[in-house]
Every structure is written in C-alpha cells, then in structure tokens.
Amino acid sequence: MQMWRKIKYEAEVDHGFAGEIAALPGGEKLFSCIQCGTCSATCPVSPYMDYTPRRIIAMIRGGFKQEVLTSVTTWLCASCYSCSVECPQEINITDIMYALKRKAIRENSDPKGFAISVLTREFFNSIARTGRNSEGRLSLRLFLKTRPLQLLRQAGFGFRLWSRGRLGVRRERIADRKGLRKLLKTVEAEAYSGKRWSLTATNKGGKL
Amino acid sequence: MSYLYFPGCSLKGLGRAYEESLLAVFDTIGIDLKELTDWNCCGATAYMSIDEVKACALSARNLALADKYRVGEETIHLVVPCSGCYLELSKTQKLLRDYPELDRTIKSALSDINLEYHGKVQIRHPLDVLVNDLGLGLLSAHVTQPLRGLRVACYYGCQIVRPYSTFDDQHAPVAMERLLGALGAEVIDWPLKTRCCGGSLTGTVEEVGLRLNHILLKEAAKRKADVVATVCPLCQFNLECYQPLINKTFGDALNLPVVYFTQLMGLAFGLDPKVLGLQRSFIPLPAYEHIREAVER
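Chains as they are written, first to last, in the numbering used here: chain A, 1 to 208; chain B, 1 to 297.
Don't read these hints as lab results, they were simulated from the structure. Quantities reported herein were computed from a predicted structural model and do not represent experimental measurements. Glycine residues also receive a C-beta, built at the ideal position from the N, C-alpha and C atoms. You may find that some hints are simply not true.
[Stated by the list, open to error] Only pairs whose alpha carbons sit at most 20 Å apart, straight line, appear in this in silico SDA-like list of lysine to any residue:
1) A:Lys-112 - B:Glu-206
2) B:Lys-107 - A:Ser-139
3) B:Lys-12 - A:Gly-168
4) A:Lys-182 - B:Asn-114
5) A:Lys-185 - B:Leu-115
6) B:Lys-68 - A:Ile-174
7) B:Lys-12 - A:Trp-162
8) A:Lys-112 - A:Ser-139
9) A:Lys-29 - B:Glu-206
10) B:Lys-12 - A:Ala-128
11) A:Lys-178 - B:Ile-113
[To be verified] Partner residues are not named here, just some residues of chain A that face chain B (Cβ under 10 Å, in silico):
12) Gly-16
13) Ser-82
14) Val-85
15) Pro-88
16) Ser-134
17) Leu-142
18) Leu-144
19) Pro-148
20) Phe-159
21) Gly-165
22) Leu-184
23) Glu-188
24) Ala-189
[To be verified] Pairwise CB distance ranges, derived in the manner of DEER restraints:
25) A:Gly-19 - B:Ile-188: 46 to 54 Å
26) B:Thr-75 - A:Phe-159: 38 to 46 Å
27) B:Val-275 - A:Phe-157: 23 to 31 Å
28) A:Gln-89 - B:Val-275: 47 to 55 Å
All chains, full assembly: derive it from the sequences and hints.
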C-alpha cells in the first residue's frame with residue numbers, strides 16, 4: 001500500500017504562512033479545523049485535486065507555503081460551498097480557497113498555463129474594460145491561450161449555439177464604463193495604500 | 001409589490017431562453033419585472049479569486065444602482081435569476097456588513113461616481129418570489145395545460161441554496177418540487193439536486209467538468225426522469241449542451257432534455273413554446289408534445 005506523506009525539515013517550513021492565511025478575509029477560523037475530512041468527502045471535485053481540502057488546511061497549518069500556493073486544488077474549487085455548509089466547525093473553506101487564489105495571484109505563483117487561472121485573469125481584465133462579459137469572445141480567448149488546436153472542434157460547438165441565438169459575437173458593454181473604471185481605480189488606490197489587510201482587524205470573527 | 005430585475009450577462013447570451021421564459025411567466029401572472037438600468041457583470045468567481053475589494057465594488061455598483069429605484073424607506077426587491085449573480089450580490093452585502101472598513105472604502109468610492117447604497121436592497125431569486133410572495137394557489141390558478149405525466153428532476157445546483165440563501169433548506173431544498181408539483185408535474189426524488197455541476201470546468205478542465213455532469217445526468221436517467229429543470233444558466237448549459245460530448249467520452253447514450261423551471265411553468269400556463277425560448281434547446285422536450293396532444297384529445 002502506498003502511503004501519502006509530505007515531509008519537510010523544520011528549517012524549510014514557513015512558520016508564518018498559517019498566520020498570513022488566517023489574517024485574510026475568510027481565513028479567520030483556520031485554527032479551529034479538527035481534520036475530520038468532511039470537506040473532502042462532500043467536495044465533488046476532490047478526487048481530481050492534487051491535495052484534498054482537508055490536506056490543504058493541514059498543509060497551511062504545517063507551513064507548506066510553496067506546495068499550497070502552486071497546487072491546482074484551489075483553482076479546481078468551483079465555489080459550490082458544500083464544504084463550508086457541512087463543516088462541523090463552521091470554517092468557510094470556500095473562502096479560504098479564495099484567499100489562497102488571491103495570494104497565489106499576488107505572489108505570481110499560480111500554476112502557469114493552467115486553463116482555470118488563465119480564464120480567471122482574462123475574465124477579470126475584460127470586465128474591468130467593458131463592465132459586461134461577452135461569452136463568445138471570452139471562450140475564444142481562453143482557447144487561443146490554452147488549447148488552440150481544439151479551436152476547430154469548438155467552432156462547431158459555437159456554431160450550434162450561435163444558430164440558436166445563444167452565442168453573440170457582439171461585444172457586450174455598459175454605458176457608464178468611465179464611472180466603472182473610476183470606481184475600480186479608486187478602490188484599488190485605497191486597498192493598496194497599505195490599509196488593505198487591516199480589513200480583518202474590524203471583523204469579529206463572524207462567519208462569512 | 002414591484003420588482004426590479006437583474007438579468008446578468010448569461011441571460012442575454014447562453015441563457016437567453018431563461019430570460020424569455022421568466023419574463024413571459026411573470027407577465028402572465030401580471031407582475032412587472034423592471035430591468036435595472038446599466039447593470040454590470042457581477043464579477044462571478046473570477047473577481048473574488050483575484051481581488052475581493054474590486055469584486056465587492058462591482059456588486060456594490062449594482063446594489064447602488066438598484067438603490068436609486070427606492071421610494072422613501074421601502075426595501076427594493078431585486079430579482080436575480082442567475083445563481084452566480086445571486087451569490088455575488090448576496091456575498092457583497094454580507095462582506096459590507098461584516099467589514100466596516102471595506103464598507104467605508106466602497107461607499108466613498110461609490111460617492112465619487114455619484115452613487116449611494118443604503119443597504120436597503122433585498123436579493124431575491126425568482127423561485128423564492130414565485131413560491132413565497134405569490135404563492136402556489138395563485139400560480140396554479142393560471143394553469144391551462146397541467147404538466148401531468150411529466151417526470152421532472154429538479155436541479156438546484158449550488159449557489160442559490162448555499163451559503164447565503166434563506167428561502168429554502170441548504171441541504172434539501174424543496175421550493176421547485178412544490179412549485180412544479182402544483183403545476184401538475186410528477187417530481188422525482190433525486191438526491192444529487194444540490195451537487196455542483198462544476199461551473200466553468202467544462203470549458204477549462206474538460207474531463208472533470210464532463211464527469212461531474214455525467215454523474216448528475218446518469219442518476220436522473222436511472223430514476224427515469226423525462227426532463228431536468230434548472231434555475232441557473234450555467235447548469236443548464238453544462239447539463240444540456242455537453243451531452244453529446246459526455247456520451248462520446250463515457251460511452252453513454254443519454255438524451256435527457258434540460259430546461260429552465262420557468263419554461264415548464266410557461267408550458268403549464270399554455271404559453272407558446274417559442275415565446276419560452278424552447279426552440280433554443282439542443283435536446284427537444286418530446287414528453288411535452290405527448291402531453292399536449294393528450295390534453296388536446
């Protein structure tokens with residue numbers, strides 16, 4: 001029988017990592033995990049993850065920073081909130097996954113070329129420009145960047161959707177794009193002014 | 001009571017039939033859904049994955065736009081049919097309540113573009129409005145073509161029942177079963193009804209997305225469902241449009257129609273299938289033709 005194990009020398013462990021995650025919005029209850037595994041059992045995608053949600057929690061607390069931030073687990077999480085609802089300790093695991101994704105993006109350690117993080121970045125940038133998602137254009141950019149060879153097959157699929165009026169080629173956008181850009185710029189300036197992570201200081205540990 | 005309507009991007013594209021059937025059904029009942037002017041994308045899971053402050057800003061803009069329609073101290077009811085939008089708007093409300101500093105940051109940024117949000121917007125799913133505000137009695141009074149004999153698997157997916165919804169049980173929701181049951185349908189027991197379809201995984205990590213949807217469809221087929229009823233544009237798209245590829249990948253022969261619950265309501269109300277957007281389906285609803293002929297005879 002093959003045992004799953006992960007061993008590190010004490011000197012290689014990042015002791016501050018757990019504290020960093022617990023300080024992010026959503027991470028507040030990280031230390032109340034009892035490692036029961038309910039999250040992994042209820043998660044529909046855990047069989048495809050490199051580390052299950054329970055293991056991710058254990059690895060955060062163990063200081064396995066690099067492994068956690070580069071894993072595909074957080075990106076496979078489809079945000080269905082099963083784990084958060086079922087967790088007996090009321091830990092919002094979905095929001096811990098979000099906190100990890102954000103940290104990975106900021107530290108630029110998300111798995112490169114992985115379609116989910118590519119889609120996430122593409123989506124993020126296009127909404128900031130237009131205010132609305134143009135589904136056809138977004139899918140096209142995703143396939144161009146990740147699987148250009150599959151475009152032909154996707155073209156057939158796209159045509160079937162288009163012929164039923166379900167896929168537009170038009171660029172969807174809002175009227176007040178200027179206002180939206182200003183709003184995003186203002187909150188960015190505010191959030192990156194060094195005050196960002198004091199957000200948690202005002203939280204009373206309430207369930208998200 | 002008046003309702004404001006937030007369609008979201010998908011209801012103007014992939015889920016166009018959802019919007020068509022939703023508006024037709026509400027029109028039949030005599031309730032006006034007024035579309036929120038210049039609404040923006042809810043940010044979906046992408047914004048929360050990259051920047052939670054910007055994610056909140058996007059949704060807060062929509063909440064503030066809705067706030068403009070408020071008269072006096074009344075609460076505005078914003079009807080949000082897409083599960084992703086429903087979740088993001090609800091989540092933003094929760095974050096703004098829990099994190100006062102975030103609330104201050106967002107509200108001051110909103111005021112720079114002449115918007116205000118006073119917290120008096122309630123996020124409502126149409127299923128909630130139909131079952132709890134209007135009531136099954138009123139809805140069944142509009143039925144001209146009961147859905148008799150149609151075996152329906154009611155699919156809730158994830159984000160309208162978890163974690164912010166208050167209108168139904170998080171583990172075993174029943175609103176849709178009650179609604180479609182009142183319209184004559186035979187609702188089947190289907191324990192996977194709140195299991196996630198994987199969202200955009202069909203487009204990113206295809207083998208995982210297909211597998212998740214195969215499990216859902218196979219279980220519904222084993223329980224002899226004639227149709228799966230959905231409440232979310234992405235679930236509908238995944239479960240229906242990927243069936244040919246699912247069959248090819250897993251050597252199956254599924255052919256299960258997947259429609260919006262509002263389309264089934266419209267059929268029960270005797271509305272034209274074209275008005276309900278049923279011509280946009282990949283897999284037609286043969287059971288329905290059978291029922292209609294039976295009723296006409």
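- Pair hint outcome, Lys-29 (chain A) versus Glu-206 (chain B) [Cα-Cα no greater than 20 Å]: Given that 20 Å is the threshold and the Cα spacing comes to 33 Å, the pair is violated.
- Cut-off 10 Å, beta-carbon criterion: hint that Pro-88 (chain A) touches chain B: Pro-88 (chain A) check fails; min Cβ-Cβ to chain B is 14 Å, beyond 10 Å.
- Query: CB of Thr-75 (chain B) to CB of Phe-159 (chain A), is that within 38 to 46 Å?
  - Reply: Check passed, 45 Å falls within 38 to 46 Å.
- Per the CB criterion, is Leu-142 (chain A) less than 10 Å away from chain B? holds, 6 Å
- Message: So, as I understand it, the hint says Leu-144 (chain A) touches chain B; can you test that by seeing if any CB pair is closer than 10 Å?
- Response: violated, 13 Å
- Measuring from the C-beta of Ser-134 (chain A) to each C-beta in chain B, is the shortest one below 10 Å? At 8 Å from the nearest chain B Cβ, Ser-134 (chain A) passes the 10 Å test, so the hint holds.
- Task: Please verify that hint: Gly-165 (chain A), Cβ, nearest Cβ of chain B, below 10 Å or not.
- Result: holds, 6 Å
- Task: Starting from Lys-112 (chain A), check that the Cα of Glu-206 (chain B) is at most 20 Å away, please.
- Result: holds, 18 Å
- Task: Verify the proposed pairing of Lys-107 (chain B) with Ser-139 (chain A), using a straight-line Cα cut of 20 Å.
- Result: With a Cα-Cα distance of about 33 Å, the restraint between Lys-107 (chain B) and Ser-139 (chain A) is violated, given a limit of 20 Å.
- Task: Verify the proposed pairing of Lys-12 (chain B) with Trp-162 (chain A), using a straight-line Cα cut of 20 Å.
- Result: holds, 13 Å
- chain B contact restraint for Pro-148 (chain A) - C-beta distance below 10 Å: Nearest chain B Cβ about 14 Å off; hint violated.
- How about Leu-184 (chain A): closest beta carbon in chain B under 10 Å, or not? holds, 6 Å
Checked against the numbered hints given earlier, this structure breaks hints 2, 9, 12, 15, 18, 19, 20; the rest are met.
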